[in-house]
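> Residues per chain are reported as follows:
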Amino acid sequence: MPDLENRNDITDEQLMRRYQRGDAAAFETLFRRHRDPVFRYFLRGCSDRERAADLYQDVWASVVRVRETWQPRARFTTWLYRLAHNRLVDEYRRAKIPSEPLAEDSLLSAAASEQPEAQLSRQQRARRLIQAVQALPEEQREAFVLQQESGMSLEQIGEATGVGRETVKSRLRYALNKLRQELADVRD
Amino acid sequence: MSEIDREKEEAEFQAFLAGHGKLVSAYKDAIRDLNESAPPEVDAAILQQAKAAVAPPPRRRPAWVAPMALAATLLLSLSVLLNIWSTPQTREMMSPDAPMLPPGLVLSEEGLLQASPSELTITQPDLAASDEKGTTSVNPMQDQEEAINQVREPASAPKKESAVAPSPKVNAYGGKSPDVSTSTESEFARLPLPSAVSASPPKKVEAREPDDSIPANSERGAKDEIRSELMYAEEKKQRRRAAEQNDRRQADQGRQEGPRVEEAMRAAASAPPNALPSGSAAASAIHGEAAGASSARLSGAPMSSPAGSVEADLERIRDAMSAGEIDDALRLIDDFQEKFSREKLPQDVLDFERAHRLD
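Protein chains in written order, with this note's numbering: chain A, 93 to 280; chain B, 271 to 629.
Just chain A, same shape as in the assembly (with noise of 0.2 Å):
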């Protein structure tokens, strides 16, 4: 329904009620809102597309699953990111993906043969950015992710991944200060 599309006044939680009721073009505002956001969490978090995809429409079947028992109790993105997370942790655990960040070699390595950086493209240049955000910690880099793609405060973060506001604030610190280091020849 591109009229409900459009409206950005209707909020998440409308949208969601809606569905309840058996609104199925409220679900579709709703999914083209935030599906790209959930996919590029889930591709930060495993590095894999397939997987990622995989990920991605679990989370989403548990929203049409679960809509009738949802209750407006936290803002929607919220709840949405705790699936989530959840989801991710769990594949963590299934599946032993390494949680731990990229070798800076590699990191380094493509830095360095790409020199020198004025020559980078425009393109090179993203594919950095996001090898070096992928490379961070999982706790930081979960952090970092949640804070520019889904536009949730540190409460919400910390909501969702079940930590304090402060925790998130300090790894959201530690995942800046660790960017700004590794992408120090490539910024301005």
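It is possible that part of the hints are untrue.
[Unchecked claim] List of simulated lysine-lysine pairs, DSS-like, C-alpha gap at most 25 Å:
| id | chain 1 | residue 1 | chain 2 | residue 2 |
| --- | --- | --- | --- | --- |
| 1 | B | Lys493 | B | Lys506 |
| 2 | A | Lys270 | B | Lys298 |
| 3 | A | Lys261 | B | Lys506 |
| 4 | B | Lys278 | B | Lys298 |
| 5 | A | Lys261 | B | Lys298 |
| 6 | B | Lys507 | B | Lys493 |
| 7 | A | Lys270 | B | Lys278 |
| 8 | B | Lys292 | B | Lys278 |
| 9 | A | Lys261 | B | Lys292 |
| 10 | A | Lys270 | B | Lys292 |
Simulated from the structure, these hints should not be mistaken for lab results. Keep in mind the model is a prediction, meaning the values are calculated, not measured.
Got chain A sorted already, so can you dock chain B onto it with the hints?
What follows is chain B alone, placed relative to chain A:
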């Protein structure tokens, strides 16, 4: 790290938290340039799953609907059939012997229903009831004429015709005649008509124009004649009924007097022949009764008094005379003379016999 650097980092961090800064814009550019999104087939599958989840489930009929519908249909059918068969007229109309087309209606080439002229003949008395436009007028003679028609028609005429086929005489009362309209329309409803017939309305049956060659006086004379016939038939019926009652009464009387006559016969046989005065009424009565009783016994007829039989026979002869049944009257006179050779015929009967024997 100096104090200045620490303050600079803190400012950058606050700008990052607020969604500003070079790193934030660089990340946004990166995700835009890399265009990372889920595969479209996964998106389609998710949307389909979401729609299917809220789609109303296909309505399943409760298990009791089919038997209930069957029972209701059977009940209604039975009640309709019972209703049809409890009404004799409907039964006649529904019977396979009933003609599908009224005899007066034939299909023309154009597929229109037309009435054959022979079936729409109008009797002369009925013409008086119709005006020039063929509409029905109130006819005070209608009941009497119907009675006349009943007398004219044999009693054994099948009543079915009146229910199924339109009577030609009824048509004379114009297009509003109930028999014509109802019977024709009911036949219409039952006909497996071709499309041309069912699409086109039946042609209106109109009354034939009165024949000017027949004078009105002759109509009146015919009516009077019919009326007198009717009255005569009624009188005849009454006389016949009275004669039958008289016969029955006489037969009962004879049955009661039978033992007494036998006793008288026995006494006469044992007594000398002149014991009773021959000319006395008692003797003649006894002799006559005995003779009548014996003759009745010999003929095998029920025993009745001879005097009663004489009177009854004379009454029958007189009935036939008054009814104008000359042959019957003459035959009854012959029978009487043969049966009661000693009895004299009354003068009126003798006059009648004389007058008609000469003829």
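> Confirm or reject each hint.
The hints, checked one at a time:
A C-alpha spacing of about 20 Å is found between B:Lys493 and B:Lys506, which places the hinted pair at or below 25 Å, so the restraint holds. About 18 Å separates the Cα atoms of A:Lys270 and B:Lys298, which keeps this hinted pair within 25 Å; it holds. Among the hinted pairs, A:Lys261 with B:Lys506 is inconsistent with the structure: their alpha-carbon atoms are about 133 Å apart, more than 25 Å. A C-alpha spacing of about 22 Å is found between B:Lys278 and B:Lys298, which places the hinted pair at or below 25 Å, so the restraint holds.
Annotation: proposed proximity of A:Lys261 to B:Lys298 holds, straight-line Cα distance about 20 Å (limit 25 Å). As the CA atoms of B:Lys507 and B:Lys493 are separated by approximately 21 Å, the hinted pair is consistent with the 25 Å bound. Distance check on the hinted pair: A:Lys270 and B:Lys278 sit about 15 Å apart at the alpha-carbon level, within 25 Å; holds. Of the pairs offered as hints, the one joining B:Lys292 and B:Lys278 holds, with about 13 Å between alpha carbons and a cut-off of 25 Å not exceeded.
In summary, the hint linking A:Lys261 to B:Lys292 is supported, as the alpha carbons are separated by about 19 Å, within the 25 Å threshold. The straight-line distance between the Cα atoms of A:Lys270 and B:Lys292 is roughly 14 Å, inside the 25 Å bound, and the hint therefore holds.
Of the hints listed earlier, the one the structure fails to meet is number 3.
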